[in-house]
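Colleague: Throw the hints in and build the complete structure from the sequences for me.
In order, the protein sequence lines correspond to chains A and B.
Quick note: the first sequence, position 317, residue 316 per numbering that gives the first Met the number 0, numbers continuous.
Quick note: the second sequence, position 27, residue 26 per numbering that gives the first Met the number 0, numbers continuous.
Hints are computed from structural coordinates only; laboratory data are not their basis.
Heads up, the beta-carbon is just placed ideally off N, CA and C, and yes, glycines get one too.
Just so you know, not all the hints are guaranteed correct.
[To be verified] Under 10 Å between C-beta atoms, here's a sample of chain A residues computed to sit facing chain B: (1) V22; (2) L25; (3) V177.
[Stated by the list, open to error] Listing some non-contacts, in silico: residues in chain B with all C-beta distances to chain A over 10 Å: (4) L29; (5) A37; (6) L287; (7) L289; (8) L329; (9) L383; (10) V394.
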Amino acid sequence: MIAAEATGQRAERSQLREWRRLVVVLLLILSPILIVGAVLEGLAWRIGETMPMASISRWQDAAPDRIWRGGDGHSYLAYKLARVADLKPEIIALGPSRANSFRGDLFAPYSFFNAGLTAWTFDQYRRFLELITRDDYAPRAIVFNIDYWMFSSGFDHYWVDRFDEKPETHVANLLRVVAQLERDPWDLLRRLPATDREHGLFAVLTGEGFRADGSQSAKPGTPDPQRLLDDETAVGVPPVVLADQTAPEQVAVFDQFVALAKAKHIALIGIQLPYYDKILSALNDNPQAGIWREVESAEWRQRLAAAGVIFFDFSDMPEYRAKPEYFIDSLDPDARIVGDVMRRVMADPRVRELLPKAGTPEAK
Amino acid sequence: MSLSDPAYLGFFIVVFVLFYLLPGGTARLLLLLAASLAFYFNLAGVYLAVLLFVAAVAYAGGLLLQARAEKRNSRVIFVAVLLAVIAPLILFKYLGFLCDSVSIALPESIARLALPVGLSFFTFAAIGYLIDVNLDLLKAERNPLRVALFVTFFPLVTAGPIERGGRLLPQLDLALPLSSDRALAGLRLIFTGLVLKVLFADTLAAPVAIVFGDPESSLPLEKFVAVVFFAFDLYADFAGYSLIAIGCANMLGIDVQPNFRQPFLSPNIPEFWRTWHMSLSFWVRDYLFLPLRAQWRRAGPKGMIGATLLSFTILGIWHGAGWQFFFYGLAFGVLAVGSLYTMKYRDAAYAALGVPPLVVRIIRAFITFILFALVLVLFRVNYLRDAWLFYRDIVSLDMLSNLWVTLKSGLFHQGAPLDLPVVSAYWADWFLIAAIVASDILVRNGVTLAKCPVLVQAVAYNVGLALIVYQWMSSSVAPPFLYYKF
Chain A
0 MIAAEATGQR
10 AERSQLREWR
20 RLVVVLLLIL
30 SPILIVGAVL
40 EGLAWRIGET
50 MPMASISRWQ
60 DAAPDRIWRG
70 GDGHSYLAYK
80 LARVADLKPE
90 IIALGPSRAN
100 SFRGDLFAPY
110 SFFNAGLTAW
120 TFDQYRRFLE
130 LITRDDYAPR
140 AIVFNIDYWM
150 FSSGFDHYWV
160 DRFDEKPETH
170 VANLLRVVAQ
180 LERDPWDLLR
190 RLPATDREHG
200 LFAVLTGEGF
210 RADGSQSAKP
220 GTPDPQRLLD
230 DETAVGVPPV
240 VLADQTAPEQ
250 VAVFDQFVAL
260 AKAKHIALIG
270 IQLPYYDKIL
280 SALNDNPQAG
290 IWREVESAEW
300 RQRLAAAGVI
310 FFDFSDMPEY
320 RAKPEYFIDS
330 LDPDARIVGD
340 VMRRVMADPR
350 VRELLPKAGT
360 PEAK
Chain B
0 MSLSDPAYLG
10 FFIVVFVLFY
20 LLPGGTARLL
30 LLLAASLAFY
40 FNLAGVYLAV
50 LLFVAAVAYA
60 GGLLLQARAE
70 KRNSRVIFVA
80 VLLAVIAPLI
90 LFKYLGFLCD
100 SVSIALPESI
110 ARLALPVGLS
120 FFTFAAIGYL
130 IDVNLDLLKA
140 ERNPLRVALF
150 VTFFPLVTAG
160 PIERGGRLLP
170 QLDLALPLSS
180 DRALAGLRLI
190 FTGLVLKVLF
200 ADTLAAPVAI
210 VFGDPESSLP
220 LEKFVAVVFF
230 AFDLYADFAG
240 YSLIAIGCAN
250 MLGIDVQPNF
260 RQPFLSPNIP
270 EFWRTWHMSL
280 SFWVRDYLFL
290 PLRAQWRRAG
300 PKGMIGATLL
310 SFTILGIWHG
320 AGWQFFFYGL
330 AFGVLAVGSL
340 YTMKYRDAAY
350 AALGVPPLVV
360 RIIRAFITFI
370 LFALVLVLFR
380 VNYLRDAWLF
390 YRDIVSLDML
400 SNLWVTLKSG
410 LFHQGAPLDL
420 PVVSAYWADW
430 FLIAAIVASD
440 ILVRNGVTLA
450 KCPVLVQAVA
460 YNVGLALIVY
470 QWMSSSVAPP
480 FLYYKF
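Modeller: Okay, structure coming up:
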């Protein structure tokens, strides 16, 4: 019995030795790749590309000047949802890049978050709204970008892949860092000190990203005016599509979005922001742009009003439309135009009634 | 979850650790069986029932064949058992083709049936076991769990090697303690297999897919290069798979027969088939060719030729239902017979010309490879008509007359202007092929990575693993193994 026990113990010890040897040999042989892997993980974390969005949100809360924007291909939806979940803002802005410059200052003391660059279609607006209101929270108002082309047939087709609810995988995020290291390792390493203020590959590489209020920061400087004439944006090229009239299926999706907001007691403020002269003139002159004229008509405004949407059409602002220095590109007005637009919006009695405290001394 | 997936390796590590934490015997048997069933269910879903059916028939059939009392009934029992074990293969793989050939419409519910992964492999393993029991070469296994594991063992179930009952069943005591040397040897095989599959096969597969996907638009020289690439693609793919499977089995203390032994160095077609997909060719040799040859011995050379042609044709049809597989097997049969009966004349010719033995060997290996690659077209195309396009273009002088134009315009580019990335990728493919040939020559001469200095090994493992991991990370879906469709 004792002999059997001793044999058993010896066998156990020998097995332990074998396990230990196997692990040690593997660690020794593979130590270079393990070290490289660990360094890569550390670098990606330091850049903020692989950080969970909840951590990014907390990091951004700690200092007002911190910006985040992941590398190309990184979904901004998860980031914006995490920020909304943390901030529970009273006012949310929604829209494509045209909505990037909506800022919270003018809404104060109401809390504000710009969830732009996550949703491009009315269906995506609706899905975003569903996602943020899953647990009893609902904002007081949604300020959303509205463009005539969103009512065109098949418009969803161009943007269907952009609203990705699947969480970003760690591997995909890591690969973006690896790809950047392949392109230009020194550029990335040189910019590492900036990671105290900037997180995410795009932010680290360009110095531009989403501020704590979700709006997109832009580098100061005077852009070349010629770029607006040279850019590929043109009437007939998506998203500036041509159509004879609005598509019933898109109008129906818009109605669903409005209905969901209503059900959640959320006020809707729709704004059509200015276009640069090149686009505006081409739309006005094009006989195939029936949809543009329909959405610009008084009947259409009445329809929106009847649906309960406070609508502002700033598509043509004569004081800016031919001034390239006020546009980032033909479709994206810069922060000064958007600031002016928002001042006008806030002065509107319908909005004042909705947000009575906005712009009061309390805001200071 | 294919064997080259990171997910599979994660799964395997868990099984490996649990396996050695459990005491040898039934506990390990149950673990491997559960792992095998889970693995197959993950791959094939409800078709797990087919695998279980074949295992059940193998078990019951083995006992039945062993217990047969009267000699008179034994043949009937044997045929009945064989028909039962082959039934799923007929139903899922050949019934559609057979009915098509005689213009009989299959009911929709049957026509829609997909081919269960690995059906041909585990069915042949089961048939081999039953034949061995029938011939009293093997005692029927009384433990159903062991038979079930023999048929379903997860590293082998999807694409072999097709193991023999006499070799695998005695190893299913599963009592071996962990040996770090054996585990490391297994890991080396897995690593080599992953290099072959992930780095070599998946890279070579891209240009092959372009040409075979649209043979009408590709140039004659492109077709020829694609045929050569495909031979190496298939080799790297299947040999890679086999090494991963054998490595995994080794790590669990189970020795599995090799499936490839540097086939592209073979000097003739019969020798080629002794080094290519060995588990299948030996299966066909032992269970088909040798009995047929014995049966037809009296017919002399005619009997030999008949047995060879029939064996190779069945080997071809094993790969799939379709005339291309029939001709694929038959062509190898003809080549094997031709090789056998012209050998002495060719030997005499080389001797008369005074060609040095090494050069003879190289010429023979080259000719064998080209013949194999050309026949392989039948394996890759979906329709015989496509194979004709390949053969017509390759054999015609168009290939040579357009040589310069084709090279100038860039291969795999269908006549479009020269594109540098395409051309550089194309040269990288040739480099991979050269690496495969060089490594085969080294291994044939006894130079293996395991025998290299530790530093060389460490560099190879780290660089190889880094490239594999990068490839894994870059591709969202791992391309399946080519032999999964059998």
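Colleague: Decide, hint by hint, whether the structure agrees.
Modeller: Against the structure, the hints:
{"no.": "1", "hint": "V22", "verdict": "9 Å, holds"}
{"no.": "2", "hint": "L25", "verdict": "8 Å, holds"}
{"no.": "3", "hint": "V177", "verdict": "7 Å, holds"}
{"no.": "4", "hint": "L29", "verdict": "20 Å, holds"}
{"no.": "5", "hint": "A37", "verdict": "24 Å, holds"}
{"no.": "6", "hint": "L287", "verdict": "42 Å, holds"}
{"no.": "7", "hint": "L289", "verdict": "42 Å, holds"}
{"no.": "8", "hint": "L329", "verdict": "47 Å, holds"}
{"no.": "9", "hint": "L383", "verdict": "40 Å, holds"}
{"no.": "10", "hint": "V394", "verdict": "44 Å, holds"}
Hint check: no violations occur; every hint is consistent with the structure.
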